[in-house]
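> Listed here are the chains, written in short residue letters.
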Amino acid sequence: MKSEVKVGDNRLQITRVFDAPRHLVFAFWKEVDRLQQWWGCKDTSKVECAMDFRVGGFFTCVMQITGAGEFSYKGQYDEIVEPEKIAYHADFPGVTTRVVVEFIELHQGQGAQTKMILTQVGFPGQSICEMVSKGTSESFDKLDSLLAKQVVVNHV
Amino acid sequence: MVNKQEKVSAVFAALADPTRRRIVQRLSQQGERRVTALAKPFRISLPAISRHLRVLENARLITRQRHGREHLIRSDTAGLEDARKWIAQCAAGWESGFDTLDQLLKTAQQSLGKPSLNNNLNNNKEKKP
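Protein chains in written order, with this note's numbering: chain B, 1 to 156; chain Z, 157 to 285.
Pulled out of the complex, with its shape left as it was, chain B reads as follows (with noise of 0.2 Å):
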C-alpha cells in the first residue's frame, strides 16, 4: 500500500490508509516507544524521543542518520483529539512548520482500516508561495510525479 501525496505550494499532504483500527494508528503517535519505532527516514538508525504529549507540551527527537550524523527536531503540541487528531507545530529559523494529523475510521471491528492526512505547512509562509506559484509550478508538478515515482519504488 502507498501514500497520495501532494505537493501543493507551501504544503504537503500525505495520505494513507493502514489496515488497523483508529486508536492503534493513534497509539503510535502518542506513546514514545511507539513513535521511536517509526519515526524518521529510511536512513535513520536510532530515534531517542522526550514527549510530554498534551496541548502545549513539547518533543524533541534525536535521530542518528547515516551518513548525515545526528538531527534533532522539536515540536509543540497544539491541539490533540484522541483519537482523531494531533497537531503541532516545530520552529527553524525564519519559520514555523505547522503539522495536522487526521486519524479517519473507514472500518471499525473486523478488518478495520484507518485513513490518517498528514498536512505539513508553513514551509516559509506566504513569501515563496507566491515566488513558487510565479512560474515555478511547473517543477513542482515535476516534484509531484518523482514523488509518486520514488513511493512506488519503495514499496516494490
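Everything labelled a hint here was simulated from the structure, so no lab data went into it. Since the structure is predicted, the reported quantities are computational estimates derived from the model, not experimental observations. The beta carbon of each residue, even a glycine, is placed where N, CA and C say it ideally should be.
Only pairs whose alpha carbons sit at most 30 Å apart, straight line, appear in this in silico DSS-like list of lysine-lysine:
1) Lys163/Z - Lys46/B
2) Lys262/Z - Lys85/B
3) Lys241/Z - Lys6/B
4) Lys262/Z - Lys6/B
5) Lys6/B - Lys85/B
6) Lys6/B - Lys74/B
7) Lys241/Z - Lys2/B
8) Lys115/B - Lys241/Z
9) Lys30/B - Lys262/Z
10) Lys262/Z - Lys115/B
11) Lys85/B - Lys74/B
12) Lys2/B - Lys262/Z
13) Lys46/B - Lys241/Z
14) Lys30/B - Lys115/B
15) Lys6/B - Lys46/B
16) Lys163/Z - Lys6/B
17) Lys2/B - Lys115/B
18) Lys163/Z - Lys74/B
19) Lys74/B - Lys241/Z
Partial list, computed: chain Z residues near chain B (C-beta under 10 Å):
20) Ala248
21) Gly249
22) Glu251
23) Thr256
24) Leu257
25) Asp258
26) Gln259
27) Ala264
What follows is a list of derived Cβ distance ranges for each label pair:
28) Arg220/Z - Glu48/B: 40 to 46 Å
29) Val191/Z - Glu4/B: 42 to 48 Å
30) Phe198/Z - Thr96/B: 23 to 29 Å
31) Glu4/B - Ser206/Z: 45 to 51 Å
32) Thr233/Z - Glu4/B: 25 to 31 Å
33) Glu79/B - Gln181/Z: 32 to 38 Å
34) Thr263/Z - Val62/B: 20 to 26 Å
35) Phe53/B - Val191/Z: 49 to 55 Å
Let chain B serve as the given structure and place chain Z on it in line with the hints.
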C-alpha cells in the same frame, strides 16, 4: 542532511523579512538591478539594504556581479530549489516512516490475542455515534 537543513533554514530566514521578500519579488519581475536602484523604493539607508542583500546572497536567493564599484543584483533560483528539495525530502521521509508504521501495526494486531493488550484496546475503543 544537516548541512542541507542549514541551507534551507537560511532560505526561510531570509524570506521571513518583508523587505527582503519585496527585494526578491522585484528582482524576479524586473530582472537585473543596481543596488542603488533596488534601494530606491525602500525608505532605508544603503548600508541597511546591503545587509539585506548579504542575507539574500547567503541564502542563494540572489547573485551579485561586480563591475568595478557597481554591483548588479539578480535573482537566483538555487535557494528556492533547496527549499523545494527539502519539501520533497520531508515527503520521502514521512513515507518511509509510514512503511515502518504499517508493519508495526500489523505486528501489533497479530498480538491482539493476548488478553492484556486486547482489554486495553477495547477500553480505548470509541463508541459508534
